[in-house]
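> Here the protein sequences come in this chain order: A and B.
If you use our numbering, the first sequence corresponds to residues 272 to 1518, in order.
If you use our numbering, the second sequence corresponds to residues 608 to 761, in order.
None of these hints come from the bench; they were simulated from the model.
Accuracy of the hints is not assured; some may be wrong.
Mimicking PhoX-like on lysine-lysine, the simulated pairs with C-alpha atoms at most 20 Å apart in a straight line are [claimed, not checked]:
hint : chain 1 : residue 1 : chain 2 : residue 2
1    : A       : K1057     : A       : K1081
2    : B       : K662      : A       : K1450
3    : A       : K1450     : A       : K1462
4    : A       : K1127     : A       : K1168
5    : A       : K1214     : A       : K1168
6    : A       : K1450     : B       : K679
7    : A       : K1458     : A       : K1487
8    : A       : K712      : A       : K375
9    : A       : K1450     : B       : K680
Distance ranges between label pairs, derived from CB positions [claimed, not checked]:
hint : chain 1 : residue 1 : chain 2 : residue 2 : range
10   : B       : D672      : A       : C808      : 55 to 65 Å
11   : A       : S774      : B       : E609      : 53 to 63 Å
12   : A       : R769      : B       : E712      : 13 to 23 Å
13   : B       : S644      : A       : C808      : 19 to 29 Å
These numbers were taken from a predicted model, which means no experiment stands behind them.
We put the beta carbon where it would ideally sit given N, CA and C, even for glycine.
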Amino acid sequence: MAEKIEEIHSRSCECSPTPSTPMGTPLRKVLDRISGFATPWKRGGTAPRCRRIFHRDVEREEFQHASTHCLSSYYSVFVARLAIMVMLAILIGLLTILTWHFTKSYTTRSLNGLAYGLRNELLQRPIVRMWNILNSTSEITTAQLKLSEYVFRRYNNPDTQAEQVELYEAMRDVTWALFASRKALNAITINYRNGFVQAFHRDHRSNNTFYIYSDLVNYSISASRSYDINMLSEHQGWKDQSIHGNVSAIWYQEPLDPVTGEKMGKAKPIPPDDQINIAGLEQVPDGVASWHVAVSKYTDSPLLSAALPVWDPSNKSIVAVVGVTTALYSVGQLMKELVEVHSGHIYLTSQEGYLLATSTNASLVTNSTKGPKLMMAVDSEDHIIQMGARWLQRAYGNNFSQSNEIHAESARLGREQYYIDSFFLKLKRLPLVGVIIIPRKNIMGKVDERAFKTLVILISASLCILFIGCICIFILTNGVSKEMKLRAELISHLDARRRAEASSNYKSQFLANMSHELRTPMAAVIGLLDILICDDCLTNEQYGTVTQIRKCSTALLRLLNNILDLSKVESGKLVLEEAEFDLGRELEGLVDMFSVQCINHNVETVLDLSDDMPKLVRGDSARVVQIFANLISNSLKFTTSGHVILRGWCENSNNSFIDTGKFALDQKKSWPTHKAKLKRQGSHMKKASKKENKMILQFEVDDTGCGIDPSKWESVFESFEQADPSTTRTHGGTGLGLCIVRTLVNKMGGEIKVVKKDGPGTLMRLYLLLSAPVDGIEQYQVDFSKHSLVALLALRGGMGRLIMSQWLHKIGVFTIEASEWNELTQILRELFSARISVRNNGFDAQCSLSEHLKTKLQNIQEMRNPVFVIVVDIGLLDLSTDIWKEQLNFLDNFFGKAKFAWMLNHDTSNAIKMELRSKGHILMVNLPLYKSKMIHILEAVIKERNVELQKKNLNGLRTTKEGDLHECLEIDATHFDIASSDDSDTSEMASSNSVGGGDKRRERTRKPCSSGYQKINNCLVELTCTHSKENYLTERDPCHVRPNSHDVEDEEASLSAEPQGDNAECRERHLGSSRLTLQGNLYSNKAVNEQKSLEGLRILLAEDTPVLQRVATIMLEKMGATVIAVGDGLQAVDALNCMLSAEDCGRGSLFEDRNTRSQAEIRDSPPYDLILMDCQMPKMDGYEATKVIRKSEAGTELHIPIVALTAHAMSSDEAKCLEVGMDAYLTKPIDYKLMVSTILSLTKTTA
Amino acid sequence: MEVGQMQSRLADYTKSLFMEGILDAQFLQLQQLQDESNPDFVVEVVSLFFDDSEKLLNDIARALDQQCVDFKKIDAHVHQLKGSSSSVGAQRVKNACVAFRNFCEEQNAEESRRCLQQVKQEYYLVKNKLETLFTLEQQIVAAGGSVPMIELSF
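If we strip away everything but chain A, and leave its shape as in the complex, we get:
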C-alpha cells in the first residue's frame, strides 16, 4: 500500500509539469515547493562567489525565505495529500466500475441469448400448433371434399326424392366417419346447391355432439338444378336465392352419441345459422379453398373455418360447399400451459390485429348488438396484452407485421419491463402474428439483482478501501511531512551555521583589513610625532604634549595590533617566527616596563626565573613577550596593592623545581600536588619534545588582585569576555588580551589556565613549548661564594626581597633583609659596631633585632674579610621631608666598609641622584631588582674591590676616578630592543611596546642631561652603548662582559664621539630622538644634515619597478651610500659576479656614473656591502637570485647581507625570505628609518 502511494506520489511529481491534467496547477505548486527546498543547496554552491557583493541582499532574502518557509511547507503538504487521495479515489473507482462491468455484461449477454432462445421456442410451439391445426383442417376439408365428390359421383343426378335421400344418407355417414375420426374438429358442414344443409357439430364445453340438418321439404332438386345452370354467370343471384331459401328453411338439431353417432335424442328445430356457421357458396366465390376466422354465438373463442366447393365432375359445376370449422381453443390452451411457468403472455392475432388466441382466460370476442365479434388486440381485456399491443403499435406503427420479427428486450409496460417478441406467420389467406410478452424480471430478475448486489458490494468495498487508503496516506504523509519539516529545519540550521561562519569569517577579514588600514595612518602619525620630537625648537610643554600624544598613539596602535593579531589567528594566517632570542632578557625588559606602572599603583612587580631556564630559546620573541605583557598588564589592572610575580622554570630539566628554591616558603606546601600533575603532563610531552630539543617552559603569573570567580576561569579566555562586566567601566580594556594570550599559547603548543591559589588574587599558569638551540643549552651558573659576599637587602617590597635573598643564598651570598629604615640602621650598627665605633647621630631606632637575625649576624661576623653589599631602596629614605639627607649622612659612616647600591624609582628626583653622586654612591639601579641586575651589582662590587685591592698593592699610586669606575648602572629596558628588532611586521608589536617603555626612560635620562651633569651623562651614553654592544656580541660568557666593555667602549667612542663632543643641545637631541639609543645618532634629519650614516657603504639595489628603484636610490644616496641599481634578479647576480671577478660591471647599472669609487677601491673592498632585493621581479625573482648568490658564496668566507624588499606584509613571506638565505626583510613602502636601522645592523655586524 505504502509503495503504491509512493509510486503515485512520484508519478504525480513526474507528470506534474504537464499542465494538461486537471491536477496540473496544484502539482505545479507542490513541485515549486519541492524545488524551493532544493534551492538553498543550489544557492549554497554558487553563493560564495557573489556573496561579496550581494551579501546583504541575499541575506535579507534568505531570512524572508525562512519566515515564509513554514507556512508554505504546510500548504504544500496539504495539497500533496489531497492530490494523492484524489488519485487513489479515481483509481479505486475505475477498478470498481471495471469489475462490475465485466461481471455484469458477460452474464447479461449470455442470459440474453438464452432468453432469446427461450422466447423463440415458446413462440414457435403455439405457432406450430396453429400450423398443425390449419393443416389438419385443410386435410380434413380436402378429405371431406374427396369423399363428397365420390358420393356425388355415386349418386349422380338423383332424380328422385329417394335417391336424393339416399345421397344425403350416404353423405351423412361419410361425413360422420370423418367427423368422428377428428376429435378436434368443431364442425363439418355440407351445404348443397339446393340449400340443403348437413352438419355435425361438437360442443367442446358440454362435450355434446349434434347433427344439424335442414328440412328437405323446401328444397327441390329441380328448382336448384335450373338455378345451377346459371350459377357461374349469375353467382350473386344464386347466393341471394339460397339465403332467401335459408331464411325460410327450418333446421333441426339432433344430439348424437359422440362415439357411435347413434341418435340420442329427438331432433328439435333451431333457427338457421343459430348454432354454427354453415359455409355457403359465398365463401368460395372463386371456386378454391378459403379460410376465415369466425366467431360462434356459443363459444367465446374464435373458430377457424375452411370452405371448399364440391364440383360436379361431369358438368363442372359446384354442387355443394364443404366447410370445416376448428376451434382455436386448443392453441390458447397450449399457450397457457407454455407460459404458465414464465408468467408471460402469448397471443396470436390476425394481420389486422384481431386476437385469435391468448394465453389468458380473457374472452376473445365482444358481444356487440350485432352479435359476437372478434376483438382487436389493443382492446383486449387483459392489461398486459393490451399494453403490449399498444406498445407495439406505438413503436412500429400499424404495419409492424410487415417486418418479420421484432425483438424488444426492454419494453416498459406499466411499471415493469418486458421482453416483447413477435413473429409473423405468413399463411395463405390467413397471415398470423404471434406476440410473446415475458416480464424481464422473470428471466433477468436474478441477474439484475445479483448485478445490483455486486455493484453495491463493490462500491462499499471501494469506499472502505478509499477511506483506509486516505487514512494511510494521511499517516504516511504526516511522517513524511514531519521528516520534511525536520529536514527543512536542518537545512535552515545548516544554512544559518554557514552564514554565521561566513559572517565570522567576514568579521575576521574585515578586522584584518580594517586594522591594516588603520595601522597605516597610525604608523604615519607616530612616525611624524617622532620627527616632531626630534625637532629642537619645541618648548618643554610642547615636548611633553607631543610625548603624551605619542604615548596615546602607541596605545591605540597596540589596540589595533591586538585586533589584528586576533583576526590573524582566527583566520589562520598567523605564522610564528622561529628565531633565537634571550627569553630572560625579554622578560626583564618587560618587568622593567611594567614596574613603572607598578610603583604608581603601589604594587610590586617581581620577576622570578629559575636558573635552569635556558638562556636562549628559539621561538617568536615578539609573541612570547606579548603573552606576558598581556598577562602582566591584566594582573596589574586588577591589583591595587600587593605584588605581581612572574615565575618561570624549565620543566625539561631533570632537577626538580623544588631544588631551585625559588618559591616562597609558604607556598611550598601546595606545590607537591601541582608538581605531580605537571610531571604527568610533562612526561608525555617530554617524549615528543625530546626529539626536537623542545622544552616545556612553565610560567606563572601570580597577583594579589581581586581574583576571578572560579566559574569564570574558563570564560575569561573567550574574546570580549571579562570576569566582571563592570571592569570595562572601572579599568577599561576590550577583553581581547587574554583571548590573544590563549590563542598564542595554544599556537606555541602550550596551555594556559587559571589555577586555584591560597589567599587573594589570581594565579595563571601556562606552559610553552619552545625549542632551545643546540648550543644554547649550556647554562651558566654564577657562583659568588668564593668572594664571601654579604648582601644586605634593604628593600621595601617584601616578596621581591624574599625571592632575591633566597636566590642569593643559593648562589653563595649571605643575605640579611631589612624592610624599613630603622631595621636597616640597627642591622648596620650590629654589623659594624664590632669593627667601627659608630657615632650615634640620632637615627638609632631602639627596636631589638630578632633572634634569627642575630644568629645570622653572628655568622657573618665570623666570616673572614667579607665584602658587604648594601642594596638600599630609595623608598626607605624619608623623602617627604629633608630628613633623607641626614639619613644619607648616617649611611656615609659605612661608606668605606660596604658598597652601596641604590635602587631608584623611575621618578626619583634628580636632586636626590645628585646628592647620592656627590657622596660617591655610583651604583644606582632602577627598580625592580632581579637577578641579572643583582649579578651586575655584585660584579661591579667585586671589580671595584679588586681595583681597590690593586690600589692597595700599588701602594704609592694615586687613585683617580676613572670613567670606568664611575659606573652608573642604568640597566635599561632599551637593550632588548636591539636584540629583537628585526624590523619585521610581526615584531612591530614588541618594538612599539618598547617604544612606550623607552619613552618613559628617555624622560628620565633627559633630566640629568638638562641639568648639565655632563660627566654622568657621558657615562650614561657610554654605558648604554655598552649594553647595546653586549647584545651584538650575544654574550657567550657574561662574566666577560665587564672586562670586555672597556674595549667596546673604545670602539664605540668613534661612533658616539660626535654627539659627546658636541654641545649639550645636540646631545639632548641625540638622546631624545632615538628610539634606539645606539642608532639615534645615525639618524639623518634636517638638523644633522651633514651626518651621513651610511657613508661609504656600497649597496646593490635590485628592483624592477622604476619608481621604487628611484626612490630607494635617492633615499640611500641621501645617507651617503653608493647605490648601484639593477632591474632584475639576473642582473643582480651578474653585477655581483662582475664585481667578484674585479671587472667593471656596466650592464644594468643605471646609476653607474654615480659610483665615485675608483676601481682600485672596488678591488680592495668587498664588492658590495649589502644587497637590497625585491622579491617579485621579472626574469629572476628575489628568492631565486638570493639562492644563486648564496650558492656562489658557499665556498668562500663571503656573506653579503641581503635584505628583502617585499609588499607582502605577512610573516609567512618573511619566513620564505629567511629560508632562501636573506638576512632581513623590509616591507614596501620603504620606511626610511627602518631601512637605515636594518642596513646598519647588518653592515655593522658583518664589519
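Add chain B to chain A, keeping to what the hints say.
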C-alpha cells in the same frame, strides 16, 4: 598672480590632496628626499610612475581581454602597480590594487574588469591632480618664488 598667493594656493591644493586621501605620507617622504642635488626628484619619480603605470595598465587590460584570462600574470602586474603606487604615495590607486588582487585570487574575471576600471579611474585622478600640482609648482618657480615644503599637518 602674486607669488605669495600662488604659494598659498599650492599649499591648499596639496593639503586637499592629502585630505582626500589621494596622497599619503609616502609622498611627503618623496618630497623630503628632494634637495639641491636632486632638484626635480619628485617630478622624475612621479613621471616614472606614470610611464610604468600606463604600461602596466595596458598589459592588464590586454590580459583581461584574452579568451582565457591568466590571473597569475595579472596578479603580478597589479602587484607591481601596487608597489609603485604605494611608493609615490598614490594611496587610492594602491587601495584599488589591493581590492583588485583579491578578485585575482578568486579568478573572478568580471569583478577584475570592474576593478581595472576602478584602478584606471584612480590612476587618472591622481595623475591629473599631480600634474596640476606640478604645473602650480612650475608657475611658482617661473614667477621667481620657491616651492614651499608641505607642512606635516594632516
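> All the hints need checking, so say for each whether the structure fits it.
Verification of the supplied hints:
With a C-alpha separation of about 13 Å, the suggested pairing of A/K1057 with A/K1081 holds against the 20 Å cut-off. Distance hint between B/K662 and A/K1450 is fulfilled; the C-alpha atoms sit about 18 Å from each other, no more than 20 Å. Our distance criterion of 20 Å between C-alpha atoms is met by A/K1450 and A/K1462, whose separation comes to about 18 Å. Using a Cα cut-off of 20 Å, the hinted pair A/K1127 and A/K1168 holds, with the two alpha carbons roughly 19 Å apart.
Between the alpha carbons of A/K1214 and A/K1168 the distance comes to roughly 15 Å, so the proposed pair stays at or under 20 Å and holds. The straight-line distance between the Cα atoms of A/K1450 and B/K679 is roughly 15 Å, inside the 20 Å bound, and the hint therefore holds. Restraint check for A/K1458 and A/K1487: the C-alpha separation of about 12 Å stays at or below 20 Å, so the hint holds. Of the supplied pair hints, the one linking A/K712 and A/K375 holds, its CA atoms being roughly 16 Å apart against a limit of 20 Å.
Proximity of A/K1450 to B/K680 is assessed by CA-CA distance (about 13 Å); at most 20 Å being required, the pair is judged to hold. For B/D672 and A/C808, the hinted distance range of 55 to 65 Å is satisfied, since their beta carbons lie about 57 Å from each other. Against the hinted window of 53 to 63 Å, the Cβ-Cβ separation of A/S774 and B/E609 comes to about 58 Å, which satisfies the hint. Checked against the hint of 13 to 23 Å, the C-beta distance between A/R769 and B/E712 comes to roughly 21 Å, which is consistent with it.
Remark: the range hint 19 to 29 Å for B/S644 to A/C808 is upheld by a beta-carbon distance near 26 Å.
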